[in-house]
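Given chain G's structure and the hints, the job is docking chain S onto it.
Single-letter residue listing:
There are 2 protein chains.
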Amino acid sequence: MQQTLKKPLILITNDDGDAARGIAVLTQIMMQLGDVVVMAPDGPRSGQSNAITVSEPLRYRKIEEREGLVRYICTGTPTDCVKLALHDILDRKPDLLVSGINHGSNAAINVIYSGTMGAVLEGCENGVTSIGFSINDHTANADFSVFEPYILKIAQETMKNGLPYGICLNVNAPADTIKGVKIARQCRGNWTEEYEKRLDPQGRNYFWLTGYFKNHEPESKDTDEWALANKYISIVPTKIDLTDFDSLKTLQNWDLTD
Amino acid sequence: MQQTLKKPLILITNDDGDAARGIAVLTQIMMQLGDVVVMAPDGPRSGQSNAITVSEPLRYRKIEEREGLVRYICTGTPTDCVKLALHDILDRKPDLLVSGINHGSNAAINVIYSGTMGAVLEGCENGVTSIGFSINDHTANADFSVFEPYILKIAQETMKNGLPYGICLNVNAPADTIKGVKIARQCRGNWTEEYEKRLDPQGRNYFWLTGYFKNHEPESKDTDEWALANKYISIVPTKIDLTDFDSLKTLQNWDLTD
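Chains G and S, in that order, give the protein sequences. Mapping to the working numbering: the first sequence position 20 is 112, numbers consecutive. Mapping to the working numbering: the second sequence position 211 is 303, numbers consecutive.
Honestly, the hints are just simulated from the structure, not real lab data. Keep in mind that the hints are not guaranteed to be accurate.
[Unchecked claim] Result set (PhoX-like, lysine-lysine): computed pairs, CA atoms no more than 20 Å apart in a straight line:
id	chain 1	residue 1	chain 2	residue 2
1	G	K252	S	K341
2	S	K154	G	K289
3	S	K341	G	K274
4	G	K313	S	K341
5	S	K289	G	K154
6	S	K306	G	K185
7	S	K252	G	K341
8	S	K323	S	K306
9	G	K341	S	K313
10	G	K341	S	K245
11	S	K341	G	K245
[Said to hold, decoys possible] With the C-beta cut set under 8 Å, the calculated list includes, among others, these residues of chain G facing chain S:
id	residue
12	K185
13	I204
14	I259
15	F337
16	L340
Since this is a predicted model, take the numbers as computed values, not measurements. From the three backbone atoms N, C-alpha and C, an ideal C-beta is built for every residue, glycine too.
This is chain G alone, in the form it adopts within the complex (with noise of 0.2 Å):
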């Protein structure tokens, strides 16, 4: 009797919404891998980090069925996405998450904020092998090419070396020229001068989010601000533990009795 060999199953999602370029490419690129399912939020999520959906329910449907993809829609954040994906969709855990192409990067502290990078926690708190991939352009109309063979092969490197629980991989590219890989860590630095101020018809105030990202280590060459800037692609290993071992004992020595 012939045993059947299953196909990989591969989970994607994205936070810029299922009608993006980058989760299409992302799509084409992973059923060279395995039977695909796609559950992506209907609309933009963009920021919206590991956001849940308590205060309303969420709906999700079917939208595309062929050889080797489904594709889903749902109402809610990516982080939603991936809950109910592995909650009502799945049968069995997929063997690999990969959450983008995100049009815009991930580098730095954008981990906290990035609804891409939320769906890969996400997958990495429930024991899934899990991957963000962003590249370093805001436009609709991305020019993924070059960076669609490293896609390729940081997504079969990592299923076949897997990783341990708690470590999912935040992938980042330049937008244009790439030199090669480089393993980096979170580079340091912060949002600076993030408002712009309006005045509506009625004379009242109101705020658009804007601003810049301030590096606070320029120098450093083992960041993934710096590996971008270089035209190189960052790989940074993220943890869902946020922990700060080195501090545990500095804390003890404090006085807490109340």
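Below, chain S alone, put in the same frame as chain G:
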């Protein structure tokens, strides 16, 4: 000429909204320590993580001003509240940011979903000493009285000792009895059986988020979950750098040429 001693400036926010009991109690406590500015969401924003509002503008307005206290409400997320307060309300960097008191635990993996802790990570990114306070009681009229003296002491000790850049505190208290304080690490675990599936009057499915937290290491005595279960307050030093430094070397050995 006598020099004016400036009182510490303390920024307060939360994710349960300005009408929650928790933020009122936290405000009373902090007024013992300095001049307080509250910038809270104008309604509940639970589970908003580090979400930022990018596709619509924000507004805020003053709702109260008296000796030592100014209160504002904002249309955004907890993270928006912090960003906008730092940008448009405060004339100097606050000496302390506190978020909460959250009605519900933010221990273990809940840190990544929590709007309360999202605000804390945001303060931390901006170089502000930041603490999140939560109690393991979801009810609107949670009793904070046994927690209150600890909150005062923890805030005092934190202002006295300071925290390194990039490190903030995630403080969680049990609901009734408190035996003391444990410095702890984030417990491993994940949420499971997360949705309740219902049929609407048109016969279509919709899903409510629910489920329970599955502790992966119930025997470990150094976790925040253990502390809470054993009637201790947990304090987890929490990082905004998500890099897993242990994996940097392993990944160097992967074959990532395209």
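Do the hints match the structure? See the list:
no.	hint	result
1	G:K252 to S:K341	holds (17 Å)
2	S:K154 to G:K289	holds (17 Å)
3	S:K341 to G:K274	holds (12 Å)
4	G:K313 to S:K341	holds (16 Å)
5	S:K289 to G:K154	holds (17 Å)
6	S:K306 to G:K185	holds (17 Å)
7	S:K252 to G:K341	holds (17 Å)
8	S:K323 to S:K306	holds (19 Å)
9	G:K341 to S:K313	holds (16 Å)
10	G:K341 to S:K245	holds (19 Å)
11	S:K341 to G:K245	holds (19 Å)
12	K185	violated (12 Å)
13	I204	holds (5 Å)
14	I259	holds (5 Å)
15	F337	holds (7 Å)
16	L340	holds (6 Å)
The structure does not agree with numbered hint 12 stated previously, though it agrees with all others.
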